[in-house]
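Colleague: The primary structure of each chain is shown beneath.
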Amino acid sequence: MDFLWGGVREAVRLLLHGDATTYHATWVSLLCTILAITLAALLAVPYGAWLGLYRPRGSRAQVFALRVAMSVPTVVIGLLVFGFLSRSGPLGALDLLYTKAAIVVGLVMLAFPLLASLAHGAAASLDRRVVETALTLGAGRWRALLKSLGEARVQLAAAYLAAFGRCFTELGIAITVGGNLKMRTRTLPSSIQLELGRGDFAAALAPGFLLLLLAAVAAMLTHRVSREALR
Amino acid sequence: MRAFLLCVLLAACGAEDAPKVLRLATTTSTRDSGLLEFLLPPFEKKENVEVQVVAVGTGQALELGKRGDADLVLVHARSLEDEFVAKGHGSDRRDVMYNDYVVLGPAADPAGAKGKGAVEAFRLIAATRAPFVSRGDKSGTHIRETQLWEKAGGVPKGEDFHLDAGQGMGACLVMAGEKDAYILADRGTWLAFKSKVDLVVLVEGDKLLFNEYGAILPTHEKADRAVGAKLLDYLTSAEGQRRIGEFRVEGERLFHPVGEGQ
Chain Y
144 MDFLWGGVRE AVRLLLHGDA TTYHATWVSL LCTILAITLA ALLAVPYGAW LGLYRPRGSR
204 AQVFALRVAM SVPTVVIGLL VFGFLSRSGP LGALDLLYTK AAIVVGLVML AFPLLASLAH
264 GAAASLDRRV VETALTLGAG RWRALLKSLG EARVQLAAAY LAAFGRCFTE LGIAITVGGN
324 LKMRTRTLPS SIQLELGRGD FAAALAPGFL LLLLAAVAAM LTHRVSREAL R
Chain S
111 MRAFLLCVLL AACGAEDAPK VLRLATTTST RDSGLLEFLL PPFEKKENVE VQVVAVGTGQ
171 ALELGKRGDA DLVLVHARSL EDEFVAKGHG SDRRDVMYND YVVLGPAADP AGAKGKGAVE
231 AFRLIAATRA PFVSRGDKSG THIRETQLWE KAGGVPKGED FHLDAGQGMG ACLVMAGEKD
291 AYILADRGTW LAFKSKVDLV VLVEGDKLLF NEYGAILPTH EKADRAVGAK LLDYLTSAEG
351 QRRIGEFRVE GERLFHPVGE GQ
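Going down the list, the protein sequences come from chains Y and S.
Count along the first sequence from 1, add 143, and you get the number used in my numbering.
Count along the second sequence from 1, add 110, and you get the number used in my numbering.
I should point out that these hints are in silico values taken from the structure, not numbers from a laboratory.
All of these numbers come straight from a predicted model, not from anything done at the bench.
Positions of the beta carbon are idealized from the N, C-alpha and C atoms, including for glycine.
A few of these clues could be false.
Distance ranges between label pairs, derived from CB positions [to be verified]: (1) N158(S) - G264(Y): 55 to 61 Å; (2) L182(Y) - G264(S): 26 to 32 Å; (3) P216(Y) - S201(S): 40 to 46 Å.
Mimicking SDA-like on lysine to any residue, the simulated pairs with C-alpha atoms at most 20 Å apart in a straight line are [stated by the list, open to error]: (4) K130(S) - P151(S); (5) K325(Y) - D290(S); (6) K130(S) - K306(S); (7) K243(Y) - G268(S); (8) K325(Y) - K289(S); (9) K289(S) - G226(Y); (10) K155(S) - K306(S); (11) K325(Y) - K197(S); (12) K306(S) - G235(Y); (13) K267(S) - A163(Y); (14) K289(S) - A244(Y); (15) K261(S) - G278(S); (16) K289(S) - V211(Y); (17) K289(S) - A163(Y); (18) K325(Y) - F271(S); (19) K197(S) - R335(S); (20) K267(S) - D162(Y); (21) K197(S) - F146(Y); (22) K289(S) - G161(Y); (23) K289(S) - V307(S); (24) K306(S) - A244(Y); (25) K325(Y) - G278(S); (26) K267(S) - G161(Y); (27) K325(Y) - P266(S).
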C-alpha cells in the first residue's frame with residue numbers, strides 16, 4: 144500500500160512542479176488528436192452521411208467495410224503507416240517518420256472509419272421528411288445533406304467526442320510512427336509506457352493522472368451530449 | 111474417452127512433484143539473444159525448478175527485485191547494482207559474464223568516427239552535430255551511453271541532433287537506420303538486426319565498451335532466496351560458465367565467461 148500511496152504523492156508533486164516533459168507530452172497528445180479528428184471528420188462525416196441519406200449502390204458493402212476497418216488494431220495501423228513512411232517505403236522521401244505529422248496520419252486512419260460509421264448511423268436514423276422537403280424545395284443533394292447534418296448535430300458532436308477518446312488514449316500508433324521522442328513526439332500514453340519500463344512508478348502515474356482526467360472530461364461531455372440527443 | 115484422458119492427465123501430473131517456480135528478472139538482451147533458452151533447461155531439469163523469465167530494462171529488473179517480485183536479478187549496470195546492494199535490497203552480487211557494445215553509424219560516417227576510441231567518437235558526433243539516437247530508458251545500454259557522453263564533455267540533452275527515443279534496442283536500431291544516425295548498441299541485438307538495418311560498426315573493442323553482467327539475490331522477504339541461490343550457483347559454476355562460452359548466434363559468440371580475455 145505504501146508503494147502505491149508513495150507513488151501517488153510523488154506523481155502529484157511532479158505535476159504541481161510543472162514537469163516539462165509531462166506537460167509537453169500532454170500538448171503533443173492534444174494537438175495530434177484534435178488535428179487528426181478534425182481532418183478525419185471533414186472527410187468522414189459528409190461521406191458517412193451521404194451513404195446514410197441517399198443509400199447509393201454499394202453502400203451496404205461500404206458500411207460493412209467501415210465496420211471492419213473500425214476493428215483494425217492501432218498497432219496494425221501504425222505498421223501500415225510505418226511501411227509507407229519508412230525510407231524504403233513509397234512516401235519515404237517526405238521524411239515524415241518520427242514526426243507529429245506521422246502520428247496525425249495514423250490517427251486520421253484510426254478516426255475515419257469510426258466517424259464515418261457514426262455519421263452514417265446518425266443520417267440513416269434521421270426523419271426522411273427533412274431531406275425530402277429540402278429536395279422538393281429545390282435544394283441540391285449537397286444542400287440537403289448539409290441541412291440534415293444540422294439536424295443530426297448532437298449525434299455528430301457525440302461521434303467527434305468518441306473519436307477524441309479513441310485517439311487521445313492510443314498507444315500503438317504513437318510508438319510505431321511517432322517514435323516516442325522526448326519533447327517531440329512523446330504522448331501521454333507513450334510516456335506511461337516508458338516510465339513504467341524505466342521502473343519509475345511515480346513518473347508513470349503523473350501522465351497517467353492527466354490522461355485519465357482529460358479522457359474523463361471527454362467521456363463526461365459525450366454522456367451529456369448523448370443525453371441531449373435523446374430528448 | 112474423456113475419463114481416459116482425465117486419467118492420463120492425472121497420471122502425468124502425479125508422476126513427479128510440481129516444479130518450484132523461480133522468477134528471474136533480467137534484461138531483454140539475455141532473453142532476445144536466446145541465451146537463457148540455451149542455458150536454463152539443464153538447470154531446470156536437474157533441480158526440478160521452472161524458471162519464469164521477466165525480461166525488462168535494468169532499472170525495472172532491479173525494481174522488481176526490490177519489491178520482492180523476483181528471486182534473482184541478472185542485469186548489466188554496475189553502478190546501479192552496487193547501489194542496490196548498498197541500500198540492502200540485495201546481497202551476494204557475482205559477476206556472471208560479459209559482452210560488449212559497438213558504436214554504429216551510417217556507412218558514410220559524416221562525423222569521422224570510424225576506428226576511433228569510443229569517447230573520441232562521441233566527441234566527434236557532438237562536434238559535427240550528427241544525429242544520435244539515445245535509448246533514453248534507463249536501461250544498461252542507456253547508462254553506458256550516458257557515461258560515455260560524460261567522458262566526452264557532457265550529454266547533449268535537448269540538442270536537436272540528440273534523439274531521445276525511450277524505446278528498446280531493436281526499435282532504436284530501426285530508428286537510427288531510418289534517420290542515418292549514430293547509436294550505441296549491444297553486440298547481440300546488433301547481430302540480430304545486422305541484415306535488416308542500414309548501419310555499420312564504426313567503433314569496437316574499446317575497453318570502455320565492455321559490458322559486465324552481474325547476478326544479485328534480492329533480500330525482500332517475499333523472494334525465495336534458497337531457489338534463487340541455486341540458480342546463482344549454477345550460473346557461476348564451471349558447467350554454467352562453460353555453456354555461456356559455448357553459446358553462439360549465427361556462428362558468433364555473444365557472451366564471454368568471467369575472467370576470460372580481460
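Colleague: Give me the numbers of the hints this structure contradicts, sorted from smallest to largest.
Modeller: 2, 6, 10, 11, 15, 16, 17, 22 and 24
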